[in-house]
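Number of protein chains: 2
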Amino acid sequence: MDRPEIILAPGPTPIPPEVLLAQGGPLVYHRGPGFGNIMREVTARLKTLYRTDRAEVLLMTSSGTGGLESAIQNVFSAGDEVFVPMAGFFADRWKKLATSHGLVVRTVDYEWGTKIRPDDVDAALAEHPVKAVLLTQSETSTGVIQPIRELAEVANARGAMVIVDAVSSLGAVPFEFDAWGIDVAVGGSQKALSASPGIAFAAVSDRAWAAHETATLPRFYFDWSAYKTFAALKDPENPWTPAISVMQGLQAALELYFQDGVEAALARHERLSRAVKDGVRALGLDLFGEGLEDNWTVTAIRAPEGIDADTITDRIRADFGCVLAPGQGPLKGKVFRIGHFGYFSELDIIRGLAALEMTLERLGFPVKRGSAVAAAEGVFQERP
Amino acid sequence: MDRPEIILAPGPTPIPPEVLLAQGGPLVYHRGPGFGNIMREVTARLKTLYRTDRAEVLLMTSSGTGGLESAIQNVFSAGDEVFVPMAGFFADRWKKLATSHGLVVRTVDYEWGTKIRPDDVDAALAEHPVKAVLLTQSETSTGVIQPIRELAEVANARGAMVIVDAVSSLGAVPFEFDAWGIDVAVGGSQKALSASPGIAFAAVSDRAWAAHETATLPRFYFDWSAYKTFAALKDPENPWTPAISVMQGLQAALELYFQDGVEAALARHERLSRAVKDGVRALGLDLFGEGLEDNWTVTAIRAPEGIDADTITDRIRADFGCVLAPGQGPLKGKVFRIGHFGYFSELDIIRGLAALEMTLERLGFPVKRGSAVAAAEGVFQERP
Numbered sequence: 117m118d119r120p121e122i123i124l125a126p127g128p129t130p131i132p133p134e135v136l137l138a139q140g141g142p143l144v145y146h147r148g149p150g151f152g153n154i155m156r157e158v159t160a161r162l163k164t165l166y167r168t169d170r171a172e173v174l175l176m177t178s179s180g181t182g183g184l185e186s187a188i189q190n191v192f193s194a195g196d197e198v199f200v201p202m203a204g205f206f207a208d209r210w211k212k213l214a215t216s217h218g219l220v221v222r223t224v225d226y227e228w229g230t231k232i233r234p235d236d237v238d239a240a241l242a243e244h245p246v247k248a249v250l251l252t253q254s255e256t257s258t259g260v261i262q263p264i265r266e267l268a269e270v271a272n273a274r275g276a277m278v279i280v281d282a283v284s285s286l287g288a289v290p291f292e293f294d295a296w297g298i299d300v301a302v303g304g305s306q307k308a309l310s311a312s313p314g315i316a317f318a319a320v321s322d323r324a325w326a327a328h329e330t331a332t333l334p335r336f337y338f339d340w341s342a343y344k345t346f347a348a349l350k351d352p353e354n355p356w357t358p359a360i361s362v363m364q365g366l367q368a369a370l371e372l373y374f375q376d377g378v379e380a381a382l383a384r385h386e387r388l389s390r391a392v393k394d395g396v397r398a399l400g401l402d403l404f405g406e407g408l409e410d411n412w413t414v415t416a417i418r419a420p421e422g423i424d425a426d427t428i429t430d431r432i433r434a435d436f437g438c439v440l441a442p443g444q445g446p447l448k449g450k451v452f453r454i455g456h457f458g459y460f461s462e463l464d465i466i467r468g469l470a471a472l473e474m475t476l477e478r479l480g481f482p483v484k485r486g487s488a489v490a491a492a493e494g495v496f497q498e499r500p
Numbered sequence: 117m118d119r120p121e122i123i124l125a126p127g128p129t130p131i132p133p134e135v136l137l138a139q140g141g142p143l144v145y146h147r148g149p150g151f152g153n154i155m156r157e158v159t160a161r162l163k164t165l166y167r168t169d170r171a172e173v174l175l176m177t178s179s180g181t182g183g184l185e186s187a188i189q190n191v192f193s194a195g196d197e198v199f200v201p202m203a204g205f206f207a208d209r210w211k212k213l214a215t216s217h218g219l220v221v222r223t224v225d226y227e228w229g230t231k232i233r234p235d236d237v238d239a240a241l242a243e244h245p246v247k248a249v250l251l252t253q254s255e256t257s258t259g260v261i262q263p264i265r266e267l268a269e270v271a272n273a274r275g276a277m278v279i280v281d282a283v284s285s286l287g288a289v290p291f292e293f294d295a296w297g298i299d300v301a302v303g304g305s306q307k308a309l310s311a312s313p314g315i316a317f318a319a320v321s322d323r324a325w326a327a328h329e330t331a332t333l334p335r336f337y338f339d340w341s342a343y344k345t346f347a348a349l350k351d352p353e354n355p356w357t358p359a360i361s362v363m364q365g366l367q368a369a370l371e372l373y374f375q376d377g378v379e380a381a382l383a384r385h386e387r388l389s390r391a392v393k394d395g396v397r398a399l400g401l402d403l404f405g406e407g408l409e410d411n412w413t414v415t416a417i418r419a420p421e422g423i424d425a426d427t428i429t430d431r432i433r434a435d436f437g438c439v440l441a442p443g444q445g446p447l448k449g450k451v452f453r454i455g456h457f458g459y460f461s462e463l464d465i466i467r468g469l470a471a472l473e474m475t476l477e478r479l480g481f482p483v484k485r486g487s488a489v490a491a492a493e494g495v496f497q498e499r500p
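Just so you know, the sequences run in chain order A and U. Using this note's numbering, read the first sequence as starting at 117 and increasing by one per residue. Using this note's numbering, read the second sequence as starting at 117 and increasing by one per residue.
Isolated chain A, as found in the complex (with noise of 0.2 Å):
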């Protein structure tokens, strides 16, 4: 019987079937009060998400990547200089953005899976100084969450505006736009909402907006002015057509998200990270990279001595149709990474392990039936 597979990769995350049918209700007519309100709920959902009262919230129709590249077009003029520590896949994806539109970027380079060290940020910018740091939260090709507090503090310090990539991390871990000074923060909707991928919504502070007045990069479908005039509107609007659909169903996710709350949401997040890192310590494995307590999102995991990663993530999906992520870059078949992030329970966590447990023995791993399960279990008998 052909079943839907069970995504535990870094995004899509599971879609709820509350949002599935918003996404396969009839379509509203994106110029009108219908979708006005869709906008205006979920724009202030999002700020709530964000904890900016101050900064405006544009929703655009992309992938995340989409709602990177207009902070590029719409910050920026070519030649200005930006500072990007390198730690994995996503800061290197600011690094390819950046340069193709002609931004000088100034890196400092760091071993994949470590954590970013604030002093590093601040001498880097003593030394010269940037118009802005190019930061990525959750660095999903390591699981490492950065410290973004406090790298913005050190970029604040420096003059420098502050640009993340929150794009798989926001909703998931602490986030706080106004009080840690950021200028653009980008989301998506499809990592910690659980909603179908398409939209990308990026916070905009008023620091973000004055450097736009003056940026002459070339843009126009994602000329953040264009988004911000139609979102004024009495019945707010896009300015191009949106992905309808895709926008029902955030509105239902955020719905569902909010029920719970962001700080209940947070703390499962924590429980969930920290019911697979326990879990699959048990089964003898090494996990991969710094600051494991605050990588809530995505645990990225060594695969065991002569059983390369890309086996386990192509056996466990052929096996039981479980998508787990492959190692990137120069983690390629040496680590695999699960994400646990978005609409997930307690149980999926454990229907996981126990799927990464029968897969890893079919590999001639040794493995102790249960092992995994039983420690997601002492995290979850935690509860109060």
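Everything labelled a hint here was simulated from the structure, so no lab data went into it. One or more of the hints may lead you astray.
[Claimed, not checked] Listed next, with one range per pair, are the computed distances between beta-carbon atoms: (1) U:Asp351 <-> A:Glu197: 37 to 43 Å; (2) U:Phe374 <-> A:Glu197: 32 to 38 Å; (3) U:Thr159 <-> A:Asp424: 28 to 34 Å; (4) A:Lys350 <-> U:Val220: 34 to 40 Å; (5) A:Arg170 <-> U:Gly407: 50 to 56 Å.
[As the list claims (entries may be wrong)] Derived SDA-like pairs: lysine to any residue, alpha-carbon spacing no greater than 20 Å straight-line: (6) A:Lys211 <-> U:Leu333; (7) U:Lys448 <-> A:Pro355; (8) A:Lys350 <-> U:Val439; (9) U:Lys212 <-> A:Leu333; (10) A:Lys450 <-> A:Leu479.
[Unchecked claim] If the Cβ cut is set under 8 Å, some of the chain A residues that face chain U in the computed set are: (11) Leu136; (12) Gly182; (13) Gly314; (14) Ala359; (15) Leu382.
We put the CB at the ideal spot given by N, CA and C, even for glycine.
Assemble chain U onto chain A, guided by the hints.
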């Protein structure tokens, strides 16, 4: 009782239940054989629809406008010269898009509603050669279907590439990518195919790929090379996480569209268009725009003396939940528009005409009840 609005606007068009179910079904993971099959089938059917064996068809997550911008970014360098015959809102969008990227835009200006004269374009290109001509097949602001075949012929003879906005025409009126010598044609999921908005597609000729090789405008999210590379994988993918649910819906929409086949779908559009036009004429209203017999996507109608066109669209929406489109630009308040492309049946058109009859009567216009409906029935009864 809250009912879904009846959309008789030029896109998004009505979504068939089969499409709603597909986009509300469990999400297929976007890397792997499941999504690869969707990509393969959708791309193959779009090639049939474009009437191309030679072009590469790329699928991007964005509105149609994003697809148009992709053509600018991928084919041109700043300072390149293009020619845009200006005869409506969407020609103006081409001009704005090109200008925002530093292209030099040469134009010939027509009154809105005019059918562009190939001789004018020929004369302009003879006087001043350009790299490309940017055309709009269905100028939805006026209802006019522009003579792309003839325009492409003169452009090709003058050595200019031909780039076509076919967003609101592909699948509704004849289009022949290979035979007409088109270089780029951009389409969208939410128009004649009646899928949800969120996916744009571009067919790209060899000549356009060659231009792409030397084009230097900054690009990343819409970089066609990335789409080409990922589409060539064993299991075709998108480079970035696509709007998966919209793609699932698009697959279902194409399945429906191809049940009848392209020829039958085009004939249906011609018939529905004629029924709308005969119906509206039977009410004593005047149609707007040249070449009415070719204009199978949208009918622009002059508001009767003494009635503002926006009053008609507001009132029919308020009273009957029927969404027509208002006039744009210089036509605001003067014309209103009925979209009749996509998944419309004969009776969908008839109910729209009945709503229009009742609305006009309520606004004090002398209506012979049933006359528009009778005229439409006249067209449908001719059916073989």
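How the hints compare with the structure:
no., hint, result
1, U:Asp351 <-> A:Glu197: 37 to 43 Å, "40 Å, holds"
2, U:Phe374 <-> A:Glu197: 32 to 38 Å, "52 Å, violated"
3, U:Thr159 <-> A:Asp424: 28 to 34 Å, "32 Å, holds"
4, A:Lys350 <-> U:Val220: 34 to 40 Å, "38 Å, holds"
5, A:Arg170 <-> U:Gly407: 50 to 56 Å, "52 Å, holds"
6, A:Lys211 <-> U:Leu333, "17 Å, holds"
7, U:Lys448 <-> A:Pro355, "18 Å, holds"
8, A:Lys350 <-> U:Val439, "18 Å, holds"
9, U:Lys212 <-> A:Leu333, "15 Å, holds"
10, A:Lys450 <-> A:Leu479, "15 Å, holds"
11, Leu136, "5 Å, holds"
12, Gly182, "4 Å, holds"
13, Gly314, "3 Å, holds"
14, Ala359, "3 Å, holds"
15, Leu382, "23 Å, violated"
Hint compliance for this structure: hints 2 and 15 are broken, all remaining hints hold.
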